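J.: Protein sequence lines correspond, in order, to chains W and L.
Mapping to my numbering: the first sequence position 169 is 169, numbers consecutive.
Mapping to my numbering: the second sequence position 125 is 125, numbers consecutive.
FYI, nobody ran anything at the bench for these hints, they're computed from the structure.
Note that the coordinates shown come from a computational prediction; the quantities given were computed from them, not determined experimentally.
Note that beta-carbon positions come from the ideal geometry of N, C-alpha and C, so glycine has one too.
Just to be clear, a hint being listed does not mean it is correct.
Claimed, not checked - Ranges between beta-carbon positions, derived for each pair:
#1 Gly184(W) <-> Arg287(L): 49 to 57 Å
#2 Asn92(W) <-> Glu158(L): 39 to 47 Å
#3 His96(L) <-> Thr116(W): 29 to 37 Å
#4 Ala167(W) <-> Arg305(L): 41 to 49 Å
#5 Trp153(L) <-> Ile93(W): 35 to 43 Å
Chain by chain, the residues:
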Amino acid sequence: MASGLTLRLPQFPQSSVHIGLYTSVTNASIIRRELLSGNTRYSYAFVDPRSVFSLAHVLAAVYRALTDMEAGGMRTRTLSSEIVFAFGGTMNIAETLRRFGINDDSDSLLVVKVDTDQVDRSNSVWDELGEIVQGTSIPVTDENIAPLTDVETVKKNYKIQQGISLADRSEATKVVAGAIALRGYL
Amino acid sequence: MAQRLSIYQAQFPRRCMLVDVRTPSSMSPDLSTLPSAISDALDLTLISQGAEAKIYFSHDHPFIPSSLLAGTISTTISNPSAGYILKHRPPKRYRHDALDAQLTKHRTLSEARILYKLFLAGISVPSFIAVDPRLGLIWMENVDGPSLKEWIWAKEAEIEEQLCDEGEDGQSQKRLEIIKPLLLSVGSEIAKLHFLDTVHGDLTTSNLLLRDGSRLGAEGAAGSHQLMVPEPVVIDFGLSQQSTLPEDKAVDLYVLERAFISTHPIHSGEYVEWVLEGYVAGFGRGRKTAVFKVNEIMKKLDAVRLRGRKRSMVG
């Protein structure tokens, strides 16, 4: 049974971050519907990989959401929605969730789940996700994320100005991670 | 605490450890003002303490686990082995609470924004990673290398040692070959900053670090072809502001000039001349409107020099 990546952010050693990557997803519209109706089984952050550059990009968003949560400053209702919101560079929640979150036409998905308690749930996370997502689970690596990125979509979503090149992934990650860190402050 | 040092820290210990990590009483540096959640989770070493902020070094990235740092495209900085810097503006008890909170938040944010914008504009600054304005924290990449101050001291000592018998001419020629190209490039980097209407506010030779990755010397330096010089990185934007005024940029340059005179008194004349040469050449990259602007700044610099400290306005 394919599984994803589980890791800990150095600044939050108590929390486990589970990341899954799925291609050939067929039931995006169903997942989205359940998510919007508040089905608690779907308490994951579903992100459209078209706007994702790298693992570091994902971790930057998770970090922003976690630090905001620790400071009592979350702007959405759950940590999962806060993670998706963190991807965006603006304070417009609805717009960010639409642009970076799961869409009806999403054919691949990046899924994040953060356990803030110490309980080791990594096995059940992949089982549950396997039931929820109708798609192929692939290893969560930069090599696998890269082909899914749509640079034009990223440019549009982050309102990247002319003259800033996103050709080098490491530099591009710095650009988006900086925008994530400075959301609401720039 | 951490005994692992970066390559640069092993060579230049003076800048690195204000707290001598070898004695028992200093084995646990004072982290009492850092939020305990952070100091507990990460291995941080105090490396510098200014009036306003404490600078900590960490081998760990705040949100990228070390297992991933080795991968090339998953890193947010180009050289993970150099480590990371956490800049902390602790609360000042002598200030009124509300005012202190506001000041800390504002200065932290201002610095973080400037770091990010300068990076977007292509200026050589440490990469911005994360910020917490409320707690006064900024995460950025560490620049693994000496400050310009240390580098000049080291080179001067080297030249003196190698050519002590050759006399002043030989040494002066060596300075031209080795030090001038770097100072030209320093001037050029400051010019880029000023061209973006950003004044640093505290330009000294300690706030200019040199990154190990070399690049070719700036154009115009005699004998600089094929010579590799380190890349200057501007740090510490805690006092920076946006300004279009030539006066403010001239003051910025004057502060640097005074810094050279006080820390490198013997050859400061040459050094300042070379920095300004690089500045003028690099300002706006020779565009017509830029030439006019930089002349304005140079004129203002002459005026500021006349004004300066300990200058008599009599006669």
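J.: Look at each hint and say if it fits the structure.
T.: Checked hints:
1. Gly184(W) <-> Arg287(L): 49 to 57 Å: Violated - the Cβ-Cβ distance for Gly184(W) and Arg287(L), about 36 Å, lies outside 49 to 57 Å.
2. Asn92(W) <-> Glu158(L): 39 to 47 Å: violated (57 Å)
3. His96(L) <-> Thr116(W): 29 to 37 Å: About 36 Å separates the Cβ atoms of His96(L) and Thr116(W), which means 29 to 37 Å holds.
4. Ala167(W) <-> Arg305(L): 41 to 49 Å: For Ala167(W) and Arg305(L) the Cβ distance comes to about 45 Å; the hint holds.
5. Trp153(L) <-> Ile93(W): 35 to 43 Å: violated (53 Å)
Of the hints listed earlier, those the structure fails to meet are numbers 1, 2, 5, in rising order.
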